[in-house]
Amino acid sequence: MPHLVLDKVSIHYDGQAAPAVERVSIDVAKGDFVVLVGRSGCGKTSLLNVAAGLVTPSRGLASTNGRPITGPGSDRAVVFQNDALFPWLTARENVAFALRLRGVRQAERARRADELLGLVKLGDAGDKRIWELSGGMRQRVGLARALAAEPQFLLLDEPLGALDALTRERMQTTLLDLWTASHVGVLMVTHGIEEALVLATRIVVLAPGPGRVVRSFEPGFSRRYAAGEAIRSIKTDPAFAAARGELTDAIFEGEAA
Amino acid sequence: MTISSYSERPGAAIDKVDGLSVPWSRPSARRKGISARAVSAVTILLVLAAWALSARLQLVSPVFLPSPAAVWNKFIVVIKDGFVDATLLQHAVASLGRVFAALVAALLIGVPVGLVIGISTVGRGIFDPLLEFLRPIPPLAYLPLVIIWFGIGEPSKILVIAIAMLAPVALSTASGVRGVSKERVNAARSLGATRAQVVRHVILPSALPSILTGLRIALGAGWSTLVAAELVAATRGLGFMIQSAAQFLVTDVVIMGILVIAAIAFVLEFTIRRIERALVPWAGLE
Numbered sequence: 006m007p008h009l010v011l012d013k014v015s016i017h018y019d020g021q022a023a024p025a026v027e028r029v030s031i032d033v034a035k036g037d038f039v040v041l042v043g044r045s046g047c048g049k050t051s052l053l054n055v056a057a058g059l060v061t062p063s064r065g066l067a068s069t070n071g072r073p074i075t076g077p078g079s080d081r082a083v084v085f086q087n088d089a090l091f092p093w094l095t096a097r098e099n100v101a102f103a104l105r106l107r108g109v110r111q112a113e114r115a116r117r118a119d120e121l122l123g124l125v126k127l128g129d130a131g132d133k134r135i136w137e138l139s140g141g142m143r144q145r146v147g148l149a150r151a152l153a154a155e156p157q158f159l160l161l162d163e164p165l166g167a168l169d170a171l172t173r174e175r176m177q178t179t180l181l182d183l184w185t186a187s188h189v190g191v192l193m194v195t196h197g198i199e200e201a202l203v204l205a206t207r208i209v210v211l212a213p214g215p216g217r218v219v220r221s222f223e224p225g226f227s228r229r230y231a232a233g234e235a236i237r238s239i240k241t242d243p244a245f246a247a248a249r250g251e252l253t254d255a256i257f258e259g260e261a262a
Numbered sequence: 013m014t015i016s017s018y019s020e021r022p023g024a025a026i027d028k029v030d031g032l033s034v035p036w037s038r039p040s041a042r043r044k045g046i047s048a049r050a051v052s053a054v055t056i057l058l059v060l061a062a063w064a065l066s067a068r069l070q071l072v073s074p075v076f077l078p079s080p081a082a083v084w085n086k087f088i089v090v091i092k093d094g095f096v097d098a099t100l101l102q103h104a105v106a107s108l109g110r111v112f113a114a115l116v117a118a119l120l121i122g123v124p125v126g127l128v129i130g131i132s133t134v135g136r137g138i139f140d141p142l143l144e145f146l147r148p149i150p151p152l153a154y155l156p157l158v159i160i161w162f163g164i165g166e167p168s169k170i171l172v173i174a175i176a177m178l179a180p181v182a183l184s185t186a187s188g189v190r191g192v193s194k195e196r197v198n199a200a201r202s203l204g205a206t207r208a209q210v211v212r213h214v215i216l217p218s219a220l221p222s223i224l225t226g227l228r229i230a231l232g233a234g235w236s237t238l239v240a241a242e243l244v245a246a247t248r249g250l251g252f253m254i255q256s257a258a259q260f261l262v263t264d265v266v267i268m269g270i271l272v273i274a275a276i277a278f279v280l281e282f283t284i285r286r287i288e289r290a291l292v293p294w295a296g297l298e
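Chain order of the listed sequences is R and H. First residue of the first sequence? That's 6 in our numbering, and the numbers climb one at a time after it. First residue of the second sequence? That's 13 in our numbering, and the numbers climb one at a time after it.
Derived by calculation from the structure, the hints in this document are not laboratory data. One or more hints might be untrue.
What the hints assert, rightly or not - What follows is a set of in silico ranges between Cβ atoms, one per label pair, in the way DEER data are often shown:
{"hint": "1", "chain 1": "R", "residue 1": "A231", "chain 2": "H", "residue 2": "G191", "range": "39 to 49 Å"}
{"hint": "2", "chain 1": "H", "residue 1": "P141", "chain 2": "R", "residue 2": "G128", "range": "53 to 63 Å"}
{"hint": "3", "chain 1": "R", "residue 1": "E113", "chain 2": "H", "residue 2": "I270", "range": "36 to 46 Å"}
{"hint": "4", "chain 1": "R", "residue 1": "A186", "chain 2": "H", "residue 2": "R289", "range": "37 to 47 Å"}
Small disclaimer: the values here were computed from a predicted structure and weren't measured. Using N, Cα and C, we set each Cβ at its ideal position, and we do this for glycine too.
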């Protein structure tokens, strides 16, 4: 079973007095949807970058399947807040990027890319240029591009952060659909409390100064969605409101009034 | 003027600002009032009229300032019969050939140098001072040295132009490379790209708009070096044509040559802007 493990990871950036993150452990198994939440400065993005292999922890160990993470790799595809798509390529070519790097033949690349574009409901946008797409569409292309690498883990750095509220809402279900269809393990960073509750199988609440884990929740709403329940019915469930209050308290716990 | 009468036309102040060609304001095609293009056209016509008038009134001897008509006639004559053993077209082709040969050389050297400057600290340490040394030296200053080293043949002429083009190409490439979004590079690496693949598939295309800008600046720099490059032992070329004409005080050919050089520069600039739009339509849209 694929496992992405951060084991007592500390991150101390050069030239800073205090560490950004101290002894944080996170475990993402295949099929998990782990969401990191917390106030600004709690090191959520730093932790995601450790998992991505873009930041080396000063102490502790990051590993996938027991092997230490030494750099970025296509087993852990990252989607950033700013989609970071390539404007000189069409949507289809963007999605096919990882396949092109591996030398997959043109026809096969296009076939796979169109399949993935269909999965994110952009089946007819393959020939579009990136700047012709809306923010939500671009983010869906970004997700399809990450999935094309056939990763074991998806690392999402506030992927819905730059979108408007309505698009965000729709993208949440898109994310859940992708997650259930692809069987990857997801590690995601977000500011959205409701978003975390809807998506996560496990929510890890971090507090700043230095970044550390204060609480961990297993909300279970995303499993209900995966089992077929409508998102509206989940969000109007009193249990959802209760969980929302509890999570909000946990995030702001210990903050000076 | 009262405040209320001013507020009746809230657009008045804005109209005035738009009349100026502020670099960040897009030139709007149709607008009431005066467009910058119309003002430019009037300016050019006025300069031509002043020129024609002073020539007609013989304010200056025609030896020094021939009339526009005389220059135009010379233009036709040189196209047909040539000047110093070559037609205007042959002169222009000789000059363009040198400039484009120099451009190819400058791109072949400048783009890789710019890449190295942008990517590696060591590369920047090596090439930055060299380019900064080379950049401000006027071509006429290094021309003698180039001739001492490489002779008076065609390679020297191309080299003089290429040296003038090198710095703009390399420095623009470097700034483009340094401006590549970090997220884009990280995204590519997390999709499995090796360092070489990141350079090939992300950094180079990201820097392409800057490289093309460098190319445009370089072409301008190279074109304005032309006369210097054709100072010594040329038998053809627009710069050579102007200099030979100047030696015999054939002022109409001198002026005609200057106008032809300007016209070609204008066409080149225009063409490259078209190429930029076709090649990097995303530039400025992100």
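Here's how the hints hold up against the structure:
1. A231(R) - G191(H): 39 to 49 Å: This hint holds: roughly 42 Å between Cβ atoms.
2. P141(H) - G128(R): 53 to 63 Å: 54 Å, holds
3. E113(R) - I270(H): 36 to 46 Å: Since E113(R) and I270(H) have Cβ atoms about 59 Å apart, the given range 36 to 46 Å is violated.
4. A186(R) - R289(H): 37 to 47 Å: Hint holds: Cβ distance 40 Å, inside 37 to 47 Å.
Figure legend: structure checked against the earlier numbered hints; the only hint not met is number 3.
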